[in-house]
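Chemist: The lines below spell out each chain.
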Amino acid sequence: MSWNDATRRAVDARLAVAREPRFFAAREWQVLNRLCGRILPQPVDRPAVPIAALIDSKMRRMGDAGTRIEPMPWDGEAWRLALTALDGHGFMNLDDTDADALLTRMQHGALASDAWSRVPPALFFAKRLLPDIVEAYYGHPTAWSEIGFGGPASPRGYVRMDTNRRDPWEATEARDEPEAALRANRHVR
Amino acid sequence: MREYRLDDEVDFLIIGTGAGGGTLAGKLAEHGFSVIALDAGLYFRPLEDFASDETEQEKLYWLDRRVCDGADPLQMGGKNSGKAVGGSMVHFAMVSLRFRPEWFKSRSLLGYGADWPLDWREMWHYYRQAELALSISGPVSYPWGPKRPRYPYRAHEVNSAGRLLAKGAEALGMQWTETPLATVSAPRGKSPPCVYRGFCRFGCSTNAKQSTLNTWIPRAIAAGAEIRDLAMAGRIEVNDAGRATGVRFHRNGAWHFQRARNVVVSGYAIETPRLLLNSATPRHPHGLANSSGLVGKYLMTQSNQAVFGRMDDEVRWYKGPPSLTITEHWNYQDNKDFFGGYCWMAQGPLPIEWAFIQTGARGLWGEALRRDMMNYNHQVGLKMVGEVLPDTRNHVTLDDERDQYGLRIPRITFSWGENDKILIDHAIGQMTLSMQAIGAREIFAQREDANHLAGTARMGFSPETSVVNADCRSWDIANLWVCDGSVFPTTGGVNPSLTIQAIALRTADRIKAMAQHGEL
Ligand SMILES: Cc1cc2nc3c(=O)[nH]c(=O)nc-3n(C[C@H](O)[C@H](O)[C@H](O)COP(=O)(O)OP(=O)(O)OC[C@H]3O[C@@H](n4cnc5c(N)ncnc54)[C@H](O)[C@@H]3O)c2cc1C
Ligand code: SF4
Numbered sequence: 374m375s376w377n378d379a380t381r382r383a384v385d386a387r388l389a390v391a392r393e394p395r396f397f398a399a400r401e402w403q404v405l406n407r408l409c410g411r412i413l414p415q416p417v418d419r420p421a422v423p424i425a426a427l428i429d430s431k432m433r434r435m436g437d438a439g440t441r442i443e444p445m446p447w448d449g450e451a452w453r454l455a456l457t458a459l460d461g462h463g464f465m466n467l468d469d470t471d472a473d474a475l476l477t478r479m480q481h482g483a484l485a486s487d488a489w490s491r492v493p494p495a496l497f498f499a500k501r502l503l504p505d506i507v508e509a510y511y512g513h514p515t516a517w518s519e520i521g522f523g524g525p526a527s528p529r530g531y532v533r534m535d536t537n538r539r540d541p542w543e544a545t546e547a548r549d550e551p552e553a554a555l556r557a558n559r560h561v562r
Numbered sequence: 002m003r004e005y006r007l008d009d010e011v012d013f014l015i016i017g018t019g020a021g022g023g024t025l026a027g028k029l030a031e032h033g034f035s036v037i038a039l040d041a042g043l044y045f046r047p048l049e050d051f052a053s054d055e056t057e058q059e060k061l062y063w064l065d066r067r068v069c070d071g072a073d074p075l076q077m078g079g080k081n082s083g084k085a086v087g088g089s090m091v092h093f094a095m096v097s098l099r100f101r102p103e104w105f106k107s108r109s110l111l112g113y114g115a116d117w118p119l120d121w122r123e124m125w126h127y128y129r130q131a132e133l134a135l136s137i138s139g140p141v142s143y144p145w146g147p148k149r150p151r152y153p154y155r156a157h158e159v160n161s162a163g164r165l166l167a168k169g170a171e172a173l174g175m176q177w178t179e180t181p182l183a184t185v186s187a188p189r190g191k192s193p194p195c196v197y198r199g200f201c202r203f204g205c206s207t208n209a210k211q212s213t214l215n216t217w218i219p220r221a222i223a224a225g226a227e228i229r230d231l232a233m234a235g236r237i238e239v240n241d242a243g244r245a246t247g248v249r250f251h252r253n254g255a256w257h258f259q260r261a262r263n264v265v266v267s268g269y270a271i272e273t274p275r276l277l278l279n280s281a282t283p284r285h286p287h288g289l290a291n292s293s294g295l296v297g298k299y300l301m302t303q304s305n306q307a308v309f310g311r312m313d314d315e316v317r318w319y320k321g322p323p324s325l326t327i328t329e330h331w332n333y334q335d336n337k338d339f340f341g342g343y344c345w346m347a348q349g350p351l352p353i354e355w356a357f358i359q360t361g362a363r364g365l366w367g368e369a370l371r372r373d374m375m376n377y378n379h380q381v382g383l384k385m386v387g388e389v390l391p392d393t394r395n396h397v398t399l400d401d402e403r404d405q406y407g408l409r410i411p412r413i414t415f416s417w418g419e420n421d422k423i424l425i426d427h428a429i430g431q432m433t434l435s436m437q438a439i440g441a442r443e444i445f446a447q448r449e450d451a452n453h454l455a456g457t458a459r460m461g462f463s464p465e466t467s468v469v470n471a472d473c474r475s476w477d478i479a480n481l482w483v484c485d486g487s488v489f490p491t492t493g494g495v496n497p498s499l500t501i502q503a504i505a506l507r508t509a510d511r512i513k514a515m516a517q518h519g520e521l
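Heads up: the sequence lines are chains A and B, in that order.
Going by this note's numbering, the letters in the first sequence line up with residues 374 to 562, in that order.
Going by this note's numbering, the letters in the second sequence line up with residues 2 to 521, in that order.
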């Protein structure tokens with residue numbers, strides 16, 4: 374890949390993110406990990422993107438800044454309240470199918486208890502939960518490869534702009550001929 | 002760079018160095034005035050400091066505390082507010098469009114909004130100056146509006162996503178063209194031509210992109226201005242004679258006071274009213290320049306809805322600037338049942354942004370999301386920039402909570418109006434037809450999105466109905482000015498920055514003329 378120093382530094386720091394929680398308490402951290410696994414289930418045959426760790430690091434850096442939408446508190450506190458509220462529905466004891474059903478109800482605002490009063494379930498789900506989880510995942514090189522994104526490409530850039538044209542340093546699609554794609558991609562660096 | 006002392010009474014102290022403040026700083030300095038321009042953000046050097054990375058470049062955004070409410074709370078941050086020398090233009094999408102002339106008189110000619118105290122022919126002259134200053138790359142002849150000269154640089158090669166917009170427009174019988182863009186198609190000074198990496202909205206690390214940061218800021222410095230970064234203005238001071246005397250600002254952990262003969266606020270549509278309101282005194286209990294009660298009122302955004310679909314072909318929409326083609330068809334058609342206009346442009350969201358759209362518009366998660374994301378290279382889309390009507394219910398006020406400097410934070414209240422919703426529905430319908438015409442499958446609409454800001458310190462014809470006059474001078478305090486996107490009375494159906502720059506260039510010329518006549 375073609376990466377300038379600033380990009381290399383930023384991505385290296387992300388890959389080196391601390392795997393232990395520094396913002397969330399132990400129980401919140403367990404709930405968060407399960408939640409990330411349900412929102413973005415990852416294949417077991419490769420190292421997982423540390424989504425929960427990246428969210429922990431983000432909340433430590435900017436959990437009490439940014440924009441808050443009424444009636445939610447600042448992001449870090451909102452996360453804590455929501456994880457505790459989810460825990461209150463027995464999220465940790467449910468099997469995957471039931472856990473997903475619970476999350477679907479949360480997404481549709483169909484959960485009620487005092488614990489949700491400052492983090493309306495549908496609002497939190499749409500504005501904080503999904504964005505923070507997908508930002509962590511799709512900001513990771515593993516996810517870039519998974520979706521076939523050409524990557525930072527700085528300073529080299531691209532030359533072939535037209536439909537079905539691939540620059541030599543972009544990966545071939547694997548969908549039709551995995552063998553051929555593997556062979557072609559061997560030359561991609 | 003020249004540096005002034007705190008007790009040097011400079012001719013102009015400008016707060017904010019974006020499209021408005023940065024351009025004004027450059028031009029005023031070239032006119033021979035002594036100028037300091039403050040910015041709360043950092044003075045970045047793109048070649049060393051900019052990563053090609055969506056997350057890392059959040060360092061360009063204004064992420065200080067803000068509260069949003071209303072029926073449709075705005076999403077702040079990367080979508081609409083920059084914090085860096087160069088302002089939001091450091092991460093803007095480079096689309097550089099002129100207003101339709103009638104929009105400057107939309108109340109009297111089109112029946113909605115408010116008239117501007119500016120004449121479109123004069124603006125045409127300043128648009129040209131702004132286009133030359135940024136070496137805009139664009140088509141030989143532009144299909145809509147009064148004739149304009151050819152763009153300074155030739156248009157960029159169109160990518161696959163851009164060609165699909167063109168194909169759809171042609172099928173609907175609409176004209177389209179290459180989008181006029183602020184990134185060079187041939188070398189210019191220290192800028193190499195664009196290499197089509199597509200990270201434009203995260204700060205261009207090659208300097209191909211032409212923003213305030215690498216055009217007007219260097220010109221300002223060359224002409225003797227001081228650019229003071231990491232300096233947060235907290236309060237404008239006013240004396241008993243009712244004149245501004247300077248600005249209290251926070252830098253290096255302490256508060257300082259910079260004297261000035263004139264103060265210009267260029268903080269954009271949230272921070273500009275916030276600073277004016279936070280500068281209230283017993284003589285100006287409702288904030289500075291606010292005898293009309295309109296500071297913070299008529300906040301506007303622009304509708305930024307989109308329609309996406311999937312092609313069998315590989316599109317790889319991340320290559321190149323995201324909006325290489327455009328149709329302004331509905332900006333120039335008046336046979337419709339709503340006020341205002343809109344355009345749409347080709348799209349190229351990077352992975353995180355695309356995931357936000359998938360989760361935000363379709364609510365996807367789990368295996369469904371991960372699988373769908375794998376079609377990334379086959380996606381195509383169209384995104385509108387639409388006119389939102391000025392409405393007193395949309396506004397910026399002060400909240401009781403405080404930021405890291407101890408200053409009261411802004412509360413931003415927004416709801417779409419009835420006309421806005423009809424316009425959005427119309428646009429989604431038209432964009433859907435275009436997507437169907439190119440054979441896209443699994444078409445869906447992103448119904449919730451907004452981008453650029455405007456309003457909150459509108460210009461006008463009288464002190465009762467506006468905050469500043471045509472020269473961006475406040476009616477209440479003769480040496481206090483506002484020069485940024487907040488002076489817009491209406492916002493039109495195109496991206497705002499070229500108009501903000503044109504206003505700044507005009508203001509600089511007016512200030513020079515007034516100084517010559519002893520009217521400052
Ligand atoms: C992602 C994105 C894409 C965009 N794409 C386009 C596009 O393609 N075409 C287009 O025309 N427009 C685009 N825009 C909009 C355009 O960038 C803005 O309309 C324009 O930059 C606004 O100019 P401004 O001078 O009003 O404010 P800004 O450019 O935002 O500048 C304001 C500056 O003031 C500083 N500031 C604010 N308050 C203070 C304070 N109290 N003290 C010190 N400094 C302060 C801020 O740090 C900031 O640098 C885009 C914007 C974004 C965010
Ligand atoms: S596509 Fe061009 S303008 Fe955009 S980031 Fe790359 S080089 Fe800069």
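What the hints contain is simulated information worked out from the structure, not anything from laboratory work.
Please note: incorrect hints may appear among the correct ones.
Stated by the list, open to error - Here are the computed lysine-lysine pairs in the DSBU-like style, where the Cα-Cα straight-line distance is at most 35 Å:
1. B:337 <-> B:168
2. B:422 <-> B:337
3. B:148 <-> A:431
4. B:148 <-> B:513
5. B:80 <-> A:431
6. B:422 <-> B:191
Chemist: Against the structure shown, which of the earlier numbered hints fail to hold, in ascending order?
Modeler: Violated hints (numbers, rising): 3, 6; every other hint is consistent with the structure.
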